[in-house]
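**Q** This is what each chain is made of:
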Amino acid sequence: MEAAAVVTLIAVVLVILALVTYLVAVILELRKITAGLDAVIGSVGGIVRKSRPVNGVVESINSDLSAGTDLLEGLLEKKAGRDDAAGLVESVFPGAGASVLERQGRTGEVKNIGEVYTRGAVQLARLGRESPLGAGAMSGAALRDPTNSSAAARMLYTHPSGPVADEPGGARHRPRSPTIGTEAQEEGASASDESKESGR
Amino acid sequence: MTLWWIGNVVLLLVIVPVVVILLRGVLNAAKAVTPAVDALRPVAEAASKDLDAVELLNTTQEQVSQTVAVVANYGASLDTILEDA
Numbered sequence: 004m005e006a007a008a009v010v011t012l013i014a015v016v017l018v019i020l021a022l023v024t025y026l027v028a029v030i031l032e033l034r035k036i037t038a039g040l041d042a043v044i045g046s047v048g049g050i051v052r053k054s055r056p057v058n059g060v061v062e063s064i065n066s067d068l069s070a071g072t073d074l075l076e077g078l079l080e081k082k083a084g085r086d087d088a089a090g091l092v093e094s095v096f097p098g099a100g101a102s103v104l105e106r107q108g109r110t111g112e113v114k115n116i117g118e119v120y121t122r123g124a125v126q127l128a129r130l131g132r133e134s135p136l137g138a139g140a141m142s143g144a145a146l147r148d149p150t151n152s153s154a155a156a157r158m159l160y161t162h163p164s165g166p167v168a169d170e171p172g173g174a175r176h177r178p179r180s181p182t183i184g185t186e187a188q189e190e191g192a193s194a195s196d197e198s199k200e201s202g203r
Numbered sequence: 004m005t006l007w008w009i010g011n012v013v014l015l016l017v018i019v020p021v022v023v024i025l026l027r028g029v030l031n032a033a034k035a036v037t038p039a040v041d042a043l044r045p046v047a048e049a050a051s052k053d054l055d056a057v058e059l060l061n062t063t064q065e066q067v068s069q070t071v072a073v074v075a076n077y078g079a080s081l082d083t084i085l086e087d088a
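Chains as they are written, first to last, in the working numbering: chain U, 4 to 203; chain R, 4 to 88.
Hints were generated in silico from the structure; no laboratory data involved. Take these hints with a grain of salt, some might be off.
Unchecked claim - When the alpha-carbon atoms are kept at most 25 Å apart in a straight line, the in silico PhoX-like pairs for lysine-lysine are as follows:
1. R:K34 to U:K53
2. U:K81 to U:K114
3. R:K52 to U:K53
When you get a sec, could you build the whole thing from the sequences and use the hints?
**A** Structure follows, in structure tokens:
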């Protein structure tokens, strides 16, 4: 055999050896990767399975909350008026008043009622049914009408001035305050029983 | 004969080194993927474990529905109690 042929054979064998060595190493690495991915895919499947219902549930929650928000905003708008509703919301949740205006299809500056009145004053004033709060200046006459605004409250009682006599000219009936404690009189016991017990 | 020797020289000095370099590059790339996959496994397991609370969203959904229903009842009561603007 000629020398050139021997060198060619040696070169080819070297190439084949390099191919075999490196390709086997690559195959072994790919097997490790496959095993690792098999382990990962289980967890990824768990993620997919667990997160599958999230969209529906969150959309349902958002739908419920939107319905609640619309309900309360509608009620607020109905009770406080379109002008004051956004201001009331702004006083409780700063920055949310603009959203109310948007949902009302309006634009403009939101008057924060809470900056002019305390929350309790606003609530009391709202119950009294005055002119729209936040629309007027802070100075001027009081908004609350002490006579007319209490008419609804006074209607709750038959005699707002106090108890009256059961009979004409008789004493006013004032029920005694209940006695509490371990030695309290049993309910339904008469005064004579009480006097008997005190005579012993 | 001369061309054969030239071919042998080219084979030994160019082809064999190029083949080795290319195969080594493939092997190094494959070896670089392995630790990444190994690092991915605990992350995926932790992410899957973090999503265990997602099942509670059903409870949250029910609670929200009940709360909105209660709020609606309160709203209806307020609508009756308070006067309109």
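**Q** Kindly indicate which numbered hints from before are broken by the structure, ordering the numbers from low to high.
**A** 1
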